[in-house]
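Engineer: The chain contents come next:
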Amino acid sequence: MSSQAKNISNRILLYGDAILEATDQEMSVDPNVFVIGLDVADHKAILGSTRGLVEKFGPERVITTPLSEDAITGVAIGAAMAGMRPIHIHIRMDFLLLCMNQLINMAAKAHYMYDGQLSVPLVVRVIVGRSWGQGAQHSQSLHSMFMHVPGVKVVAPSNAFDAKGCMISAVRDNNPVVFIEQRHLYYTDALVPKHPYTVEFGKTRTVGKGEDITIVAISAMVIEAMKARELVEEVSISAEVLDPISLVPLDIDTIVASVSRTKRLLVVDNAWTICGAGAEILASVVESLGIKNSIQVSRMGFKHTTCPATPALEKYFYPTPVSIAARAYEMVWPNKPAWAPDAVKAEMAHQLKFRGPF
Amino acid sequence: MSSQAKNISNRILLYGDAILEATDQEMSVDPNVFVIGLDVADHKAILGSTRGLVEKFGPERVITTPLSEDAITGVAIGAAMAGMRPIHIHIRMDFLLLCMNQLINMAAKAHYMYDGQLSVPLVVRVIVGRSWGQGAQHSQSLHSMFMHVPGVKVVAPSNAFDAKGCMISAVRDNNPVVFIEQRHLYYTDALVPKHPYTVEFGKTRTVGKGEDITIVAISAMVIEAMKARELVEEVSISAEVLDPISLVPLDIDTIVASVSRTKRLLVVDNAWTICGAGAEILASVVESLGIKNSIQVSRMGFKHTTCPATPALEKYFYPTPVSIAARAYEMVWPNKPAWAPDAVKAEMAHQLKFRGPF
Amino acid sequence: MQDESLEGIYRSLRLIRRTEEEISKIYPTDKIKSPVHLSIGQEFIAVGITSVLNDDDIVSGTYRGHAAYMAAGGSLNKMMAELFGKADGCAGGKGGSMHLVDMENHVLGCSAVVGTTIPVAVGYALATKNKGSDQIVVCFFGDGATEEGVFFESLNFASLLKLPVLFVCENNGLAIHAPIESRWVTKALCERVETFDIYTSQVADGNIFTLRDSANKMVENIRVGKGPGFIECMAYRWREHVGPNEDFDQGYRDRAELRKWVENDQMEKVGEMLDEQMRLSIDASIEDDIVAAIEYAEASNWPDPNMLDKNVFAG
Amino acid sequence: MQDESLEGIYRSLRLIRRTEEEISKIYPTDKIKSPVHLSIGQEFIAVGITSVLNDDDIVSGTYRGHAAYMAAGGSLNKMMAELFGKADGCAGGKGGSMHLVDMENHVLGCSAVVGTTIPVAVGYALATKNKGSDQIVVCFFGDGATEEGVFFESLNFASLLKLPVLFVCENNGLAIHAPIESRWVTKALCERVETFDIYTSQVADGNIFTLRDSANKMVENIRVGKGPGFIECMAYRWREHVGPNEDFDQGYRDRAELRKWVENDQMEKVGEMLDEQMRLSIDASIEDDIVAAIEYAEASNWPDPNMLDKNVFAG
Ligand SMILES: Cc1ncc(C[n+]2csc(CCOP(=O)(O)OP(=O)(O)O)c2C)c(N)n1
Ligand SMILES: Cc1ncc(C[n+]2csc(CCOP(=O)(O)OP(=O)(O)O)c2C)c(N)n1
Ligand SMILES: [Mg+2]
Ligand SMILES: [Mg+2]
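First to last, the protein sequences are chains B, Z, W and G.
Each residue of the first sequence is one higher than the one before, counting from 1 in this note's numbering.
Each residue of the second sequence is one higher than the one before, counting from 1001 in this note's numbering.
Each residue of the third sequence is one higher than the one before, counting from 2001 in this note's numbering.
Each residue of the fourth sequence is one higher than the one before, counting from 3001 in this note's numbering.
Isolated chain B (complex conformation):
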């Protein structure tokens, strides 16, 4: 209590509250920052992450919109071109498919196509759904589509600390930033300093040190990978877990350095793998290490199917601590018989506070 009082600026904050605090702080210091989107001002407040903003800053700066994702994206782009800093929020990333034209043909290209005369300091916040029957159209994490196209930054903070720091960086960035928030992360918390701070894009974080294998995990998969890291300790495998935090820009050097040591690279993404972030990371690492430093590589991610609604199938759709641990084991001990972690430990690693409905 007294230690908390001493260092009041270091509280435990939930993921959504961290985003809220970042937004609030940036709106307080910069009148150009505003929030726009469906349902940003209702009592659910985007899983609480916009709670209180409309009361504090008024409806002109927390703008509820009609169901018009395409136009509203264009509106946000136009406002950004005029010097404002919109934060456009989508309750599901799948809905970005309605505004790809504005995001890719306009936001990503404007600065280049107009040779620097215009820029688009726009944050696009998107929540990636999972479980409780989210199904095919409420579960997609489409970051690789944005990684593919020059001109958009992409961040996917895996914890509350990064969420706050990345949000402040995103708001201050002069480019469009797609900000990816996996739904389950809203049930996680972390120590979050009270003062505004930034997490710099393009710095891969080593979240767990290790010697035998490098696991690069993206977004919520960082949590799963950390649990897998515990599980493989049982069989004396020391796994290094890296969190790139930002996918554009991507700090590949830290990944390459780690893999040079461990000789094994496993990428675990919260998305499909084909042409995904994992394909990119594998390809980049292998290109950069060259033929002389040959390494073992593997990718995990969504099963390459549409996401099913029923939990009976959905449970096989995502990588889990168990499946990640098993894959890591296979890579480290390719010739030993297959191994799966102790059922009880695996179960514990599996647990999540979340339960449906959304």
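Be careful, since some hints might not be right.
Below 30 Å or equal to it, Euclidean Cα-Cα: the simulated DSS-like pairs (lysine-lysine) are [what the hints assert, rightly or not]:
| id | chain 1 | residue 1 | chain 2 | residue 2 |
| --- | --- | --- | --- | --- |
| 1 | G | K3217 | G | K3025 |
| 2 | Z | K1315 | G | K3031 |
| 3 | Z | K1292 | B | K263 |
| 4 | Z | K1292 | B | K209 |
| 5 | G | K3260 | Z | K1315 |
| 6 | G | K3025 | B | K56 |
| 7 | G | K3131 | Z | K1303 |
| 8 | B | K292 | Z | K1292 |
| 9 | W | K2226 | G | K3226 |
| 10 | G | K3260 | Z | K1044 |
| 11 | W | K2187 | G | K3217 |
| 12 | G | K3131 | G | K3217 |
| 13 | Z | K1056 | W | K2031 |
| 14 | G | K3310 | Z | K1303 |
| 15 | W | K2260 | W | K2217 |
| 16 | W | K2187 | B | K44 |
| 17 | B | K194 | B | K263 |
| 18 | Z | K1303 | B | K203 |
| 19 | B | K336 | Z | K1292 |
| 20 | W | K2310 | B | K315 |
| 21 | Z | K1044 | G | K3310 |
| 22 | B | K345 | B | K303 |
I should point out that these hints are in silico values taken from the structure, not numbers from a laboratory.
Based on these hints, arrange chains Z, W and G with the ligands on the given structure of chain B.
Structural biologist: Just chains Z, W and G with the ligands, lined up with the frame of chain B:
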């Protein structure tokens, strides 16, 4: 002349005429096949590839539409669900960004999400622009976005023969097929049998045999790669050039088999490389060869910038026979000084019949 | 499509209401593995419209699709099994509540992305017209869906080609919690739709017979090739946007509004027109059907894990 | 924004016409490295509208943007250099004819994807309103653009927030070669837009002064916070859709139509109102400007290869 008369079914046909013939033949045998899109019935007839169809089949089967890509895609999907086989045409692939919601959230998922009760036999023809100031918004080839998502097939025939055979396969396929036609390919011709035939998806074609390096080239890059293959002969490099033809399904086995021999893999794509088809192919090959068969890998594609309009910059944007040859040389002889092909030969390899405007 | 006798209409209204009430009772047990968007209070729209259709007409609904699905005659057992995530569900458990489908009974697949089904329904109508069938397609959607650009694109195209489609906007004045005033600059939706040369009608009295009259006229026009029709039917969502409960304690709307609609509950009104005995026997048979559907869902197996990668592509 | 005297209007009309005529003469030499969508015959719209604007108002055009760019006062030299693909182009050669921009002179970036700029212009207007400035944004687009869903979404949102934007539809009856009858089920565009509570006016007589009157009233309303205005201005495209030539030999339209519009050529009409001497001196100075612009473009360097990867991201 007499030999031509004997085998009249083997004519030289331009790329667009091959597509036209396939369309005509399929429309003739299957009343469910129809064409829909902007400008499909005007005198330019989509670079000639729909010439005469409206006169032959009437405006009910060659449907001109308003500028409403999103709805028209949905309309095509609905008609396909009802058993028809629409061919929806877009004069530029960039415009697919307006209908990603229908393509990805609906067409790609319907068969799975409705557990087989519905299917979407839809062909989406898209032309990829290049040169003459096409610039940022008329030059994108976004196939990797479609490769990423389960449920859509993707083909990119590199010559008139495959164009006809793939079009017939696409029309008969019970799934959405994105059919990619690079603009410059319209100036190429090939021997094309007159009778209807199919080119099966998922069969990588070896278009040039070689021993020292495997070059996988996509769409129009097959032509550039074949020219590069000639150029590197000068320095005694024997390059094997592979054309996957279809990217979904992708025949990786043929690629792996070739690379196992040559130990070198260069993918040349007509698109950006990050999270692109090249990343996927590199990652897949390396995963499947494992650590013991280490190989040299590299990717080429669009420079990772927005596409500039001016030819002064655009000429550095695309891989060319010269840059491909130079990269291949570097991979085969990493320790020799850099080499560039003879200027005159390079120039000849560079030539194209095309000149603007569109 | 559905029995248009009073009994038939009542049966349908009652079936939907009672099924959803049971769904909302079961929901807290977590047996239903899907978000549910209930139609309670809005059932009269789906029932009124489908009661004027032919058996082979096509119905397209939304993620709030239980009512349209049941009114069109979709299998109750399979719907319940779908909500339970079971193998015998109408989509083998892959769709859940938001993606109902029953092609045998002419229910097109529902979608969880607002507005997405509108052009798809138009495309289906293009096909039925081209095949020379006299099937029409009814496309249900909410007031929020009319804010999506694709709605206008679809109207224009459907009218240009005089396609046999009846658009039905279920205007419950809300999109999640956003009141219509925050989303529509005017209420002139019908006037707007008319500028596309589409017959329109607004049904504001919440009366299923007024709605049927409108629908009947529209459907007649559509069948003779006059092109699409559009009905805006005012309604009220009695429960929360998603989930089994009421939410009048959340402060974004007033229970007084609900009361007006409850007083005008079409299920009760139509029920009162029936002979008491008849009504009781219908009610009883509905309870049996629901119990049977729940038993069917409970007894159904979980989908086999190998179903995960089935049906990504059609053969 | 632009001199609203008769001389000013004439100067602007003549400048655009003559510049585009020169462009079409140069075009066959392949010095222009870009598809060109000429405004010849439609210049009066951009000129009429911009002549009622303030200097700091914002103009948003399309890929057919030469007229809007020049009328708004965009740099002629830089436009010509842009068409030539040179480093001194308004977009350093990266944009070409379809992506003109001149923020110094309040010309927002043009786009080659139809309809894309409409919501962007609305967003710019949101910002000017929020900043309390009395700038308004004029958003030009073609009849084809009104078929894209984003157009309606933009109207609704702009009107909901009463944003200071003037929508100007240049209705030339064609989208590439598709006549409006194949795309619009009715011509009731203004009526449709009015259902969004937006003031509208159709200018059908091809007269720049009628247009200015309409625009003046609209702009007045917009500036006092009454929200967006909408003008549909009928026009005719004298040249082919893209490229420097006429295309009456292609059979999709009739030269007789052209004749009517040529007889009513606003450049000539306004020119005739001027004192002969004055007119000649304006004409001469325009020729000088164009020659200078072409020289500027010719003399300008090609962009340095290292510009290829500059400005992908803003610093
Ligand atoms: C394109 C899209 N945007 C946002 C959402 C999130 N969402 C789900 S339902 C809904 C409200 C839709 O309102 P309405 O169309 O009136 O239907 P109702 O729920 O009232 O029946 C919203 C915004 C979505 N599913 N799809
Ligand atoms: C979204 C989109 N679809 C299609 C095209 C191809 N296209 C270029 S111009 C054009 C016609 C546009 O017509 P309109 O808006 O009336 O403008 P106009 O050319 O007549 O000035 C079309 C269809 C495009 N550029 N963008
Ligand atoms: Mg509603
Ligand atoms: Mg036009």
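Engineer: Each hint should be assessed against the structure and marked as holding or not.
Structural biologist: Evaluated hints:
| no. | hint | verdict |
| --- | --- | --- |
| 1 | G:K3217 - G:K3025 | violated, 39 Å |
| 2 | Z:K1315 - G:K3031 | holds, 16 Å |
| 3 | Z:K1292 - B:K263 | holds, 12 Å |
| 4 | Z:K1292 - B:K209 | holds, 26 Å |
| 5 | G:K3260 - Z:K1315 | violated, 45 Å |
| 6 | G:K3025 - B:K56 | violated, 60 Å |
| 7 | G:K3131 - Z:K1303 | violated, 39 Å |
| 8 | B:K292 - Z:K1292 | holds, 12 Å |
| 9 | W:K2226 - G:K3226 | violated, 39 Å |
| 10 | G:K3260 - Z:K1044 | holds, 26 Å |
| 11 | W:K2187 - G:K3217 | holds, 26 Å |
| 12 | G:K3131 - G:K3217 | holds, 24 Å |
| 13 | Z:K1056 - W:K2031 | violated, 57 Å |
| 14 | G:K3310 - Z:K1303 | holds, 12 Å |
| 15 | W:K2260 - W:K2217 | holds, 28 Å |
| 16 | W:K2187 - B:K44 | holds, 26 Å |
| 17 | B:K194 - B:K263 | violated, 40 Å |
| 18 | Z:K1303 - B:K203 | holds, 23 Å |
| 19 | B:K336 - Z:K1292 | holds, 17 Å |
| 20 | W:K2310 - B:K315 | holds, 15 Å |
| 21 | Z:K1044 - G:K3310 | violated, 37 Å |
| 22 | B:K345 - B:K303 | holds, 24 Å |
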